[in-house]
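Next come the chains, spelled out residue by residue.
2 protein chains.
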Amino acid sequence: MPPGPSVRLALFQGRAEPLDLVANLAVLDQAAREARAAGADLLLTPELFATGYAPSLIRDSVSTAAAADLDRDLARIAARHDIALVYSAPGPGPADDRRITSTLVDRAGRVVARYAKSHLFGAEERASFRPGTAPPPVVDFLGLKIALLICYDVEFPEVVRDAAVHGAGLVLVPTALSRGYENVSRVLVPARALENSVTLAYANHVGIEAGLDLAGASVIVGPDGTIVADAGRTTGLSYATVTAPGTDVDYLADRRPELYRSWTDAAHDRSGRPD
Amino acid sequence: MPPGPSVRLALFQGRAEPLDLVANLAVLDQAAREARAAGADLLLTPELFATGYAPSLIRDSVSTAAAADLDRDLARIAARHDIALVYSAPGPGPADDRRITSTLVDRAGRVVARYAKSHLFGAEERASFRPGTAPPPVVDFLGLKIALLICYDVEFPEVVRDAAVHGAGLVLVPTALSRGYENVSRVLVPARALENSVTLAYANHVGIEAGLDLAGASVIVGPDGTIVADAGRTTGLSYATVTAPGTDVDYLADRRPELYRSWTDAAHDRSGRPD
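Chains A and B supply the protein sequences, listed in that same order. Here the first sequence is numbered in my numbering, starting from 1 and rising by one per residue. Here the second sequence is numbered in my numbering, starting from 1001 and rising by one per residue.
Take the hints with a grain of salt, since some may be wrong.
[Stated by the list, open to error] Below are the EDC-like pairs computed for lysine to aspartate or glutamate, each with C-alpha atoms no more than 20 Å apart in a straight line:
hint, chain 1, residue 1, chain 2, residue 2
1, A, K145, B, D1269
2, A, K145, A, D248
3, B, K1145, A, D250
4, A, K145, A, D269
5, A, K145, A, D250
6, A, K145, A, E124
Simulated from the structure, these hints should not be mistaken for laboratory data.
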């Protein structure tokens, strides 16, 4: 049997400067250059990195035209360095009708898939963006089935399960996680990988942006739940080689969706009284 | 405000002798005595401990009458030592129509709730038992809302979510986990606690029973995903004090069940093509 596809994944962790789009794009450009030079096929970057993670500042100060320019500039970074890229940005559309999006572009800068965050976190995000309603996309790319999620989405087992049931083998998650919540990286993200037999990469900011102390702790986790890369509090690139995973315990086969549905729909006796 | 209820939980980890019911009941009796002497209100014990974890031996050798006697003997252990007990046993019923059950009895030995394992693990279990179909019970007991699950059930986020949505604050899980699968204790169980804001106790065997090397690694995990007790490879009792948890991130409020249902029911475009 020929070997399956193998993708060299790079993950960037760093601090963005709120609303300094030029500076942040330069940081991403340099990350793409380095990742490509290191042999990476695909670079994952944090949530809203090009704008900085600052929802209300983005709502108040990033125009519709500026958001559209961002998408164009980020696609050009991919094409310039001949590397596929996952980036997160606000838009499209006017400030009162925006989503937080994640976009996968190929090495020519063409859009392969885009996803809008369906679980907004906290009051500021909810006041600044609208939540997406579409399920995570699952696309054939580089020989793998790749799904896109954003930040808080991945903390809900229902969302990653949906992607896995639709075939995802690699789940890519830009995020903005605050200090004090490192258990998301070290507990929830490894569980999502293990319980679905997927590889999962979770790319965070590190340092203070607009008063918020972001945790770092970006991780790449294998389908057995093992953390294969942990960026800690560092700035820069982490790497992993991703292949289509085999399964040991086949959770997707062993789950009982019809039972769960019946538990949800029916008025079950939950007293546990023996018959 | 008066302090909320506080329950002192004991968890027993040990090795059972397959089919030596007398010896195993003596071990559980001693564990109940020690746990009560240490001030515990409730003792959690491993899956199928009184029989040993040996599905096909149980099917072939434990009669309907012997299984019924077991339930009576286990209830008497609780009453003798004045401590509530969660135990797991085969039955009720004849060998070709048995479930793997978990039973909560109060300090007088009266049955409070019983649950039948809904996710059987592996070929031997499936050849030896029938799977339950009822959802996990959630019962008011000792001032908490207590849910019962068994072993492989807890590895499915859907099952613990069901219990949490129905109010569970403490989830008690007898288990029989093999060596090599310690990520269930150290990754999946902490994630179940954190993603549902529940305390979760997971009581395993340790050592070889009927040729199977059982992992130990029993854990008690707090609602923030922190492992507060880990029995490692030891034999004996672990303790934790359980209170009704407060929530930091309110996952149950922030989940979007109507959206998940729509993703399941509808034929969604998952191509991620931008509009």
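Each hint tested on the structure:
no. : hint              : verdict
1   : A:K145 to B:D1269 : holds (15 Å)
2   : A:K145 to A:D248  : holds (19 Å)
3   : B:K1145 to A:D250 : violated (31 Å)
4   : A:K145 to A:D269  : violated (40 Å)
5   : A:K145 to A:D250  : holds (18 Å)
6   : A:K145 to A:E124  : violated (33 Å)
Violated hints, in rising order: 3, 4, 6; the structure is consistent with all others.
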